[in-house]
Amino acid sequence: MVSAILVGDPAARSGMVPFTADQRTTPERYCRIGRGFTENQAGVTGRGEMHLTVHRPYGLAHRAGRQGGRTAACLTLVILAAIQPARAEDWPAWRGPRGNGHSADSGFPLRWSASENVRWKKELPGPGNSTPIVTGQRVFVTCASDQGHRRSLICLDRATGQVLWERHVPCENPEPTHESNPHCSSSPVTDGQRVVAWHGSAGIVAYDLDGTELWRKDVGRFEHVWGTGSSPVLYQDAVIVNCGPGLQSFVVALDKRTGDELWRRTFPEMTSARIDEYRGSWSTPVIDKVNERDLLFLSLPLWLYAVDPLTGVDVWRSGGLGKLVYTSPLTSPETVVAMSGYEGPVIAVDPRGAGDITTSHRRWIHDQKNPQRVGSGVIVGPYMYVLNEPGIAWCVELATGEILWKQRLGKVASWNSVCLAEGRLYVANQAGTTYVVKPDPSECTVLAENDLGEPMNASLAFSEGQVFARTFQHVYCIQNPAP
Numbered sequence: 020m021v022s023a024i025l026v027g028d029p030a031a032r033s034g035m036v037p038f039t040a041d042q043r044t045t046p047e048r049y050c051r052i053g054r055g056f057t058e059n060q061a062g063v064t065g066r067g068e069m070h071l072t073v074h075r076p077y078g079l080a081h082r083a084g085r086q087g088g089r090t091a092a093c094l095t096l097v098i099l100a101a102i103q104p105a106r107a108e109d110w111p112a113w114r115g116p117r118g119n120g121h122s123a124d125s126g127f128p129l130r131w132s133a134s135e136n137v138r139w140k141k142e143l144p145g146p147g148n149s150t151p152i153v154t155g156q157r158v159f160v161t162c163a164s165d166q167g168h169r170r171s172l173i174c175l176d177r178a179t180g181q182v183l184w185e186r187h188v189p190c191e192n193p194e195p196t197h198e199s200n201p202h203c204s205s206s207p208v209t210d211g212q213r214v215v216a217w218h219g220s221a222g223i224v225a226y227d228l229d230g231t232e233l234w235r236k237d238v239g240r241f242e243h244v245w246g247t248g249s250s251p252v253l254y255q256d257a258v259i260v261n262c263g264p265g266l267q268s269f270v271v272a273l274d275k276r277t278g279d280e281l282w283r284r285t286f287p288e289m290t291s292a293r294i295d296e297y298r299g300s301w302s303t304p305v306i307d308k309v310n311e312r313d314l315l316f317l318s319l320p321l322w323l324y325a326v327d328p329l330t331g332v333d334v335w336r337s338g339g340l341g342k343l344v345y346t347s348p349l350t351s352p353e354t355v356v357a358m359s360g361y362e363g364p365v366i367a368v369d370p371r372g373a374g375d376i377t378t379s380h381r382r383w384i385h386d387q388k389n390p391q392r393v394g395s396g397v398i399v400g401p402y403m404y405v406l407n408e409p410g411i412a413w414c415v416e417l418a419t420g421e422i423l424w425k426q427r428l429g430k431v432a433s434w435n436s437v438c439l440a441e442g443r444l445y446v447a448n449q450a451g452t453t454y455v456v457k458p459d460p461s462e463c464t465v466l467a468e469n470d471l472g473e474p475m476n477a478s479l480a481f482s483e484g485q486v487f488a489r490t491f492q493h494v495y496c497i498q499n500p501a502p
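Okay, so the sequence shown: first residue is 20 according to our numbering, each after it adds one.
None of the hints are false.
Derived lysine-lysine pairs resembling DSBU-like cross-links, with alpha carbons at most 35 Å apart:
| no. | residue 1 | residue 2 |
| --- | --- | --- |
| 1 | Lys-457 | Lys-388 |
| 2 | Lys-457 | Lys-430 |
| 3 | Lys-457 | Lys-425 |
| 4 | Lys-430 | Lys-342 |
| 5 | Lys-236 | Lys-140 |
| 6 | Lys-342 | Lys-388 |
| 7 | Lys-457 | Lys-342 |
| 8 | Lys-141 | Lys-430 |
| 9 | Lys-425 | Lys-342 |
| 10 | Lys-425 | Lys-140 |
Label pairs and their computed distance ranges (CB to CB):
| no. | residue 1 | residue 2 | range |
| --- | --- | --- | --- |
| 11 | Thr-464 | Gln-156 | 32 to 42 Å |
| 12 | Lys-430 | Asp-237 | 40 to 50 Å |
| 13 | Arg-276 | Glu-135 | 35 to 45 Å |
Hints listed in this document are in silico derivations from the structure and should not be mistaken for laboratory results.
Just so you know, even glycine gets a beta-carbon here, dropped at the ideal spot from N, CA and C.
Build out the structure end to end from the sequences listed, making use of the hints.
Put into structure tokens, the structure is as follows:
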């Protein structure tokens, strides 16, 4: 029989692997993999599955026999897990397969330039800040043209960069935005069967991987002088979008198969009284598990929320953020960090609470004048790494909030989010230079500086040894040369 285990499944997190005996005799059961196994060592692929063939004695009738079969199955699982190579993983959303900026793949290049280690580059019809996503042999990127009157989803061939298809949604009256944040700056998301894009005031649209439109949802007009930017996330059968900011702001969950609305939440702190008010959230939500329960984390003006992703109902909320929020929450089992923009506070909370946990579960706060933050950080073990907009990287101890080091990376600002791949930190600035940094709490060691020479606000995507970079002019596929 064959079982599949998904990253994020309670079994995966507890070290329990399901095996299936003949269904005529015994239901699916679980056995434990030893603590020494990591996700990859246990055969859990970055794509999220582990396929194991398990042979079990047929027709076992007594407890001792069942236990013997269980032990044999466990040993078989461990052996198979140890010898099966891990499949490569997709980069199906803005922050990757787990929403945390981590890639479990390997083989990524350390160095590149506009002419070195570039497999292909593809010119785009307009600038943008959205990050490419990758599934199988397809690369997707959103882009606006015709001064925002046309919103596009473009599908590229992963091997060559050639356009496989592109689909356009008209926008008769484009919403306001800032020149540094072109329309269509939300990244798409895919589950490997469909791809969903939020085009701001032009609505949310879903296609199959061949470009057939599945549904389109009008969610209203959004007006803020800095435009939109939050990206959709998938959870089970729902696609969840932080819609806003501006005069209309809400969080909505749609059925990913039909576009039907499942739930909608409005938060009084989200909505601006005018389109130029310094208030709003451009933050992409994050889903993670706390005490065996999935939570949707939302960084909103003034508050960090944890809600049930199935219903949108609050589990807890913590005050302390500023009125402007751009980054996604950073999550771990014991600490969640949320960062304000425009000199606002950074808060860290214990996520194992209920109700208003502002005081009861706060771990620490940086409430002095902080640098502007647009790009999200990344958690690596007990430390957090982030590149602030002025181009200054920080390493922060997660448990205490102590800043262990600060280091300027170049002389150019950055909106880029930090990613962890191959045990290295990758982050770019607005000039198109990517810094590769060793994740070391004792000092900042820059391993490489890789310049593409084009303006860039989008974050990087990582899959199967390839790095995908989106500048204002091109999408690049970057990889080491073939051996």
